[in-house]
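**Student:** Required output: the full structure, derived from the provided sequences and hints.
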Amino acid sequence: MGKGKPFLEVLASAIHEDFRFPFLELFAFLYMLGAFALANFSVSLYSQVSTNEAVAYVVTTSLIGFSLLFFLILVFKNIAYGLGSELEKGIIQTYFSYPLKRWAILTAKLLSGIGVSLLLFLGIQISAFYILAPDIVSTQLSTIMLTYAANLSFPLIISGIILLLTLQLGRGGIGLVVGIMLYLGMSIASQIALLVAQATESALGVQIISMFSPNYALQYHYRALVGASSSLWNPTLSETMLYIGGSYAIVAALFILGYIYFSRRLNL
Amino acid sequence: MKRWTTILGRGGTTLIAISLALLIVSFIPQTQSSSSKGSMPIRAGQFSVMFSPGTITPQQEVQVNITVKGTLTIYLLEINARAQFMNGTFGYEFNLTDLQELLKEHPEQIPLEHEVENSGYKLNYTPSKIMNATVAVYNNASETATLEFDMALKSSLAPGDKVRTIAYFAAPIGVIMAVPWLLSGWKQRKNKLA
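Chains as they are written, first to last, in this note's numbering: chain A, 118 to 385; chain B, 510 to 703.
Treat the hints loosely; a few may be bogus.
[Stated by the list, open to error] List time: in silico DSS-like cross-link candidates among lysine-lysine, alpha-carbon distance up to 30 Å:
no.: 1; chain 1: B; residue 1: Lys-511; chain 2: B; residue 2: Lys-663
no.: 2; chain 1: A; residue 1: Lys-194; chain 2: B; residue 2: Lys-578
no.: 3; chain 1: B; residue 1: Lys-511; chain 2: A; residue 2: Lys-218
no.: 4; chain 1: B; residue 1: Lys-578; chain 2: B; residue 2: Lys-546
no.: 5; chain 1: B; residue 1: Lys-696; chain 2: A; residue 2: Lys-122
no.: 6; chain 1: A; residue 1: Lys-206; chain 2: B; residue 2: Lys-631
no.: 7; chain 1: B; residue 1: Lys-511; chain 2: B; residue 2: Lys-696
no.: 8; chain 1: B; residue 1: Lys-663; chain 2: B; residue 2: Lys-631
no.: 9; chain 1: B; residue 1: Lys-671; chain 2: A; residue 2: Lys-122
no.: 10; chain 1: A; residue 1: Lys-218; chain 2: A; residue 2: Lys-206
no.: 11; chain 1: B; residue 1: Lys-578; chain 2: B; residue 2: Lys-631
no.: 12; chain 1: B; residue 1: Lys-546; chain 2: B; residue 2: Lys-631
no.: 13; chain 1: B; residue 1: Lys-699; chain 2: B; residue 2: Lys-671
no.: 14; chain 1: A; residue 1: Lys-206; chain 2: B; residue 2: Lys-511
no.: 15; chain 1: B; residue 1: Lys-701; chain 2: B; residue 2: Lys-663
no.: 16; chain 1: B; residue 1: Lys-663; chain 2: B; residue 2: Lys-546
no.: 17; chain 1: B; residue 1: Lys-631; chain 2: B; residue 2: Lys-671
no.: 18; chain 1: A; residue 1: Lys-206; chain 2: A; residue 2: Lys-122
[Stated by the list, open to error] From the derived model, a few chain B residues whose C-beta atoms are all more than 10 Å from chain A:
no.: 19; residue: Asn-604
no.: 20; residue: Gln-609
no.: 21; residue: Arg-698
Derived from the structure by calculation, the hints contain no laboratory data. This structure is a prediction, so every number in the text was calculated from the model and none was measured. We put the CB at the ideal spot given by N, CA and C, even for glycine.
**Tutor:** Laid out in C-alpha cells, this is it:
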C-alpha cells in the first residue's frame, strides 16, 4: 500500500469531522448571501477612487467585510475545537499507528481545517464577484487576489498561534479564546495606531500594524478610504508587497513551529 | 464507491445551499434611484438625450420602456451627458455631432443600439463594470415620430434574472448529486432501526 491512501484516509476523516452535515452547506449559504449583501460598488463612487485597480480593491474589501468573520469562526472551530478534541479523545494517537509521518497527519488536518475552508471562502466570494461584475474580475484578478492575500494574512497568523497553543495545551478552549482576543485586539490596536499616526504625523505605528495585517498598507497604497491621512504614508506597490510577504513569512514561521512541535515534541 | 457518493452528495447539498442563497438574493425587490417619464415628438433629423443617470454600477439596472409612432433609433451610450444651461434653457450639452463622432470613433462606447418602428421596446440593462450611462434617441427618418417613454434606474443587490438563472441551473444539478447520498443515509438509518 502506497503512502497516498492512508493520507487520503486521514484527510477524508478530518474533512468528515470538520464539516459535519450541515456545516459546509450553512457556511456556503452564508458566504454567498453575505457576498451579495455586502458588495458595495457605490463606495467606489463616493470615495477618492480613480483607477480600475482601486475600484477592484474597494469592492473586494467591501465584499470580504463581515464574511471574514464567518471564515474565522470556521477555521478557529476546525483548529481549536477539531484538532483540540481529537487530541483530548486520543484520535490523533490512533492516526500515529498509520504508516504515515507525523507531518503528513498534521498536513491532512490543516488541509481540511484551513485549506477546504479557504477554498470555500475564496471560491464563493470570487464567483459572486464574477456574477456581479465580470469585466472587473477578468481585468483586475491580480488586484483582487492581492486584496484577499492582504486581508487573510492576519487571520492565518492567529490560526498559527491557535495551532501552537492547541498542540502545547492538548486542548483547544484556551487557544480559541486567545485567537478571538487577538483578532479583536488587532482592531483596537489598528485604530489607536491610526490616531497616533495622525497626531504625531509619523506612519511608524501603522507600518508596524501592517507587518501583521498588511491590508492597512494596501489601503494606504490605494488611498481609497483613508481620507486626510493619505498624505501620511504612500507606500508603493512593491513596498506593499513587501509587507504582505513579511506577514506571510510570520504565518510560515508559526506553522513551521507547529509542524516541528507536532513531529518532534508532541508526547501523547 | 461509498466515499465518492459522500463527496458528490455533500457537493450537491452545498450547491443546493448556494442556489437557495442566490434565489433569496434574486427575490429581494429593487429600489428606484431616479426616473424619467413622458411623451414628446421627435422631429426628422432630431437627436435627444432622454435619460442620463450618470455613473452606474453592476448593482444597478437601467430600465427603458418606450412606444414609438414612426421610426426612431434608441442608443444606450457609455457616456455621462451632463445637463447644463445653454442659451437660457436647461439641456444636455451632448449633441448630434457628438453622437456621430462617437459612432465613428468609439463604437465600443455604445453597448446598445436598436431601431424601433411603430412599436414598443423594453430594455433592462445591467452593466458588468462601473460605467457612465445615457439613453438617447435619434430620428433618422424623414417624418416626425412620437415617443412615449418610461425610464428608470433601479438598484438591487444583484442582477435578479442572471442570479435566478444560475440558481435554476445549479439547484437541479445539486439535487441529482445529493440524491444517492441522501438515499444511502436514509437506508442506513432504516437498517439501524430495524
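**Student:** Enumerate the violated hints, using their earlier numbering and listing them in ascending order.
**Tutor:** 1, 2, 6, 9, 13, 15
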